[in-house]
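Colleague: Sequence:
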Amino acid sequence: MPGRAKISISLDAELVVEVMVLAGIGSPQDAVEAVVRDYIERGHRTEARVQLQDEPRREADLGQPPPQG
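At position 13 of the sequence shown the residue is numbered 7 (the numbering used here), and the sequence of numbers has no breaks.
Because the hints were derived from the structure by calculation, they are not lab data.
Among these hints, one or two may not hold up.
Claimed, not checked - Straight-line Cα separation of at most 25 Å, DMTMM-like style, residue types lysine to aspartate or glutamate; simulated pairs: (1) K0 to D24; (2) K0 to D32; (3) K0 to E12; (4) K0 to D48; (5) K0 to E27.
Said to hold, decoys possible - The following label-pair restraints were derived from C-beta to C-beta distances: (6) G(-3) to D32: 20 to 28 Å; (7) G(-3) to T40: 26 to 34 Å; (8) A42 to S4: 27 to 35 Å; (9) S2 to Y33: 13 to 21 Å; (10) P22 to L46: 31 to 39 Å; (11) D32 to P(-4): 18 to 26 Å; (12) A42 to G18: 23 to 31 Å; (13) E12 to D48: 32 to 40 Å; (14) R43 to G(-3): 16 to 24 Å; (15) Q62 to E35: 44 to 52 Å; (16) G18 to D48: 50 to 58 Å; (17) Q23 to D48: 35 to 43 Å; (18) R(-2) to Q62: 26 to 34 Å; (19) Q62 to L5: 54 to 62 Å.
Just so it is clear, CB atoms sit at the ideal spot from N, CA and C, and this is done for glycine as well.
Please work from the sequences and hints to get the whole structure.
Modeller: If you want it as structure tokens, here you go:
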């Protein structure tokens, strides 16, 4: 991707080969990048799910008057 900063890291070769096999990707760089992108996307989906679950509770809390005491 042009214009994006890149970094270089060292990884255990066995880990990279396993990622390549599991992902069905022949390039070590592409395989590891695919795993990282999937991890990030999964995190965003989880955040969205949690937010959707919390919305009804927040709306219910907003509709109730604060406790008097």
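Colleague: Evaluate the given range 20 to 28 Å for the C-beta pair formed by G(-3) and D32.
Modeller: Distance hint for G(-3), D32 holds at roughly 23 Å.
Colleague: Check the following: the C-beta atoms of S2 and Y33 are separated by a distance inside 13 to 21 Å.
Modeller: holds (19 Å)
Colleague: Starting from K0, check that the Cα of D24 is at most 25 Å away, please.
Modeller: Measuring from Cα to Cα gives roughly 13 Å; hence the hint holds.
Colleague: Using the beta carbons of Q62 and E35, state whether their distance is inside 44 to 52 Å or not.
Modeller: Given range 44 to 52 Å: holds, Cβ gap about 46 Å.
Colleague: Using the beta carbons of G18 and D48, state whether their distance is inside 50 to 58 Å or not.
Modeller: At roughly 37 Å between Cβ atoms, D48 and G18 fall outside 50 to 58 Å, so the hint is violated.
Colleague: Hint says 32 to 40 Å; check whether the CB-CB distance for E12 and D48 agrees.
Modeller: holds (36 Å)
Colleague: Regarding R(-2) and Q62, is the given constraint of 26 to 34 Å on their beta-carbon distance met?
Modeller: The hinted range 26 to 34 Å is violated for R(-2) and Q62, with Cβ atoms some 55 Å apart.
Colleague: Is the gap between the beta carbons of Q23 and D48 within 35 to 43 Å?
Modeller: holds (38 Å)
Colleague: Please verify whether K0 and E12 have alpha carbons no more than 25 Å apart.
Modeller: Cα-Cα ~23 Å, so holds.
Colleague: Assuming the hint says 23 to 31 Å, is it satisfied by the Cβ distance from A42 to G18 or not?
Modeller: holds (27 Å)
Colleague: For the pair D32 and P(-4), does the Cβ-Cβ distance stay inside 18 to 26 Å?
Modeller: holds (22 Å)
Colleague: Against the 25 Å threshold, does the CA-CA distance of K0 and D48 hold or violate the hint?
Modeller: Not OK: K0 and D48 at ~37 Å, beyond 25 Å, violated.
Violated hints, listed in ascending order, are 4, 14, 16, 18; each of the other numbered hints is respected by the structure.
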